[in-house]
Amino acid sequence: DAGVTQSPTHLIKTRGQHVTLRCSPISGHKSVSWYQQVLGQGPQFIFQYYEKEERGRGNFPDRFSARQFPNYSSELNVNALLLGDSALYLCASSSAYNEQFFGPGTRLTVL
Amino acid sequence: AQSVTQLGSHVSVSEGALVLLRCNYSSSVPPYLFWYVQYPNQGLQLLLKYTTGATLVKGINGFEAEFKKSETSFHLTKPSAHMSDAAEYFCAVSDNTDKLIFGTGTRLQVFP
Chain A
1 DAGVTQSPTH
11 LIKTRGQHVT
21 LRCSPISGHK
31 SVSWYQQVLG
41 QGPQFIFQYY
51 EKEERGRGNF
61 PDRFSARQFP
71 NYSSELNVNA
81 LLLGDSALYL
91 CASSSAYNEQ
101 FFGPGTRLTV
111 L
Chain B
1 AQSVTQLGSH
11 VSVSEGALVL
21 LRCNYSSSVP
31 PYLFWYVQYP
41 NQGLQLLLKY
51 TTGATLVKGI
61 NGFEAEFKKS
71 ETSFHLTKPS
81 AHMSDAAEYF
91 CAVSDNTDKL
101 IFGTGTRLQV
111 FP
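Sequence order for the protein chains is A and B.
Reminder that position 61 of the first sequence reads as 61 in my numbering, one-by-one numbering, no gaps.
Reminder that position 86 of the second sequence reads as 86 in my numbering, one-by-one numbering, no gaps.
Don't read these hints as lab results, they were simulated from the structure.
Since the structure is predicted, the reported quantities are computational estimates derived from the model, not experimental observations.
Careful: at least some of the hints might be erroneous.
Covered by chain A, according to a simulated footprint, are these stretches of chain B (three or more residues, beta-carbon under 8 Å) [stated by the list, open to error]:
| id | region |
| --- | --- |
| 1 | 42-51 |
| 2 | 94-106 |
Distance windows between CB atoms, simulated [stated by the list, open to error]:
| id | chain 1 | residue 1 | chain 2 | residue 2 | range |
| --- | --- | --- | --- | --- | --- |
| 3 | B | Pro112 | A | Asn59 | 41 to 47 Å |
| 4 | B | Thr5 | A | Asn59 | 39 to 45 Å |
| 5 | B | Pro112 | A | Ala80 | 46 to 52 Å |
| 6 | A | Gly56 | B | Pro30 | 14 to 20 Å |
| 7 | A | Pro70 | B | Pro112 | 50 to 56 Å |
| 8 | A | Pro61 | B | Asn96 | 24 to 30 Å |
| 9 | A | Thr14 | B | Ser84 | 37 to 43 Å |
| 10 | B | Lys68 | A | Ala80 | 42 to 48 Å |
| 11 | A | Gln17 | B | Lys68 | 30 to 36 Å |
| 12 | B | Val29 | A | Asn71 | 29 to 35 Å |
| 13 | B | Asn96 | A | Lys52 | 18 to 24 Å |
Every residue gets a Cβ at the ideal spot worked out from N, C-alpha and C, and that includes glycine.
The whole structure should be built from the sequences, with the hints applied where relevant.
Below, the structure is given as C-alpha cells:
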C-alpha cells in the first residue's frame, strides 16, 4: 500500500508570493494534519482536518490556511510568503486515534 | 499546556554501545507519548508509542521506552547501537487529540 504522498518535493518561491502544498493520505485514513519543521527544530502543528472539517489549529498567522477534499486529500496554502516560512512542511494521516503516519515532506525555500 | 524537553541535542555512541535518549514531558492530562525517527531528507517514522497499560513499550529496530509518571519521563533506549541508527530522534506528547507536540530533537551519531 502507498504511504502518505506529498507534492511537490521541493519548491522555491520569493517573498510575497503564494504557495499551495498537496497531500494524499493513506487509503482509508480520514484525518490529515500539517506540520512545519524549521531547520534544526522539531515539527510544529499547523492544522488538523477530519472529514473535511477543521479539528485543530496551531499558533500560525491567518496567512496559513488549509482544506480537505471529499477524497480526504488536503491542501495547505500560505499567502504573502516571508523568509521565515522556509521550512519542511510535513503532512500526516491517521485512522486510529493518535497513530499518525508522516509523508516525506515538501521543502519550501523562500528567497 | 503540554511540552516536551529532550536533553542533549547531540548524542554520540560507539557501535555496539547502549543508546539512551532522554525525554521529559509536561502535561495536565494523562499523556500519550511517542518517539519518532527522521533520516536525512525524509519524513518521520514512528518508533513506538505509549497510550495506556504497560509502561515499558517495545518498538521497531530494537528500541524501547519506559513511561515513568513519577519522573515525567519517557526515555528511549537500545542495548546495542548500529551504524544504521544514526538519525534525528523526536519525542512527542499528545492530549488524546491528533495534535502532536514535539521536542527539539536529538541527533544520534554512531561511530565504528
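Cross-check of the supplied hints:
| no. | hint | verdict |
| --- | --- | --- |
| 1 | 42-51 | holds (count 7) |
| 2 | 94-106 | holds (count 11) |
| 3 | Pro112(B) <-> Asn59(A): 41 to 47 Å | 43 Å, holds |
| 4 | Thr5(B) <-> Asn59(A): 39 to 45 Å | 19 Å, violated |
| 5 | Pro112(B) <-> Ala80(A): 46 to 52 Å | 49 Å, holds |
| 6 | Gly56(A) <-> Pro30(B): 14 to 20 Å | 19 Å, holds |
| 7 | Pro70(A) <-> Pro112(B): 50 to 56 Å | 52 Å, holds |
| 8 | Pro61(A) <-> Asn96(B): 24 to 30 Å | 27 Å, holds |
| 9 | Thr14(A) <-> Ser84(B): 37 to 43 Å | 39 Å, holds |
| 10 | Lys68(B) <-> Ala80(A): 42 to 48 Å | 45 Å, holds |
| 11 | Gln17(A) <-> Lys68(B): 30 to 36 Å | 48 Å, violated |
| 12 | Val29(B) <-> Asn71(A): 29 to 35 Å | 34 Å, holds |
| 13 | Asn96(B) <-> Lys52(A): 18 to 24 Å | 22 Å, holds |
Comparing the model with each numbered hint stated earlier shows that hints 4, 11 do not hold.
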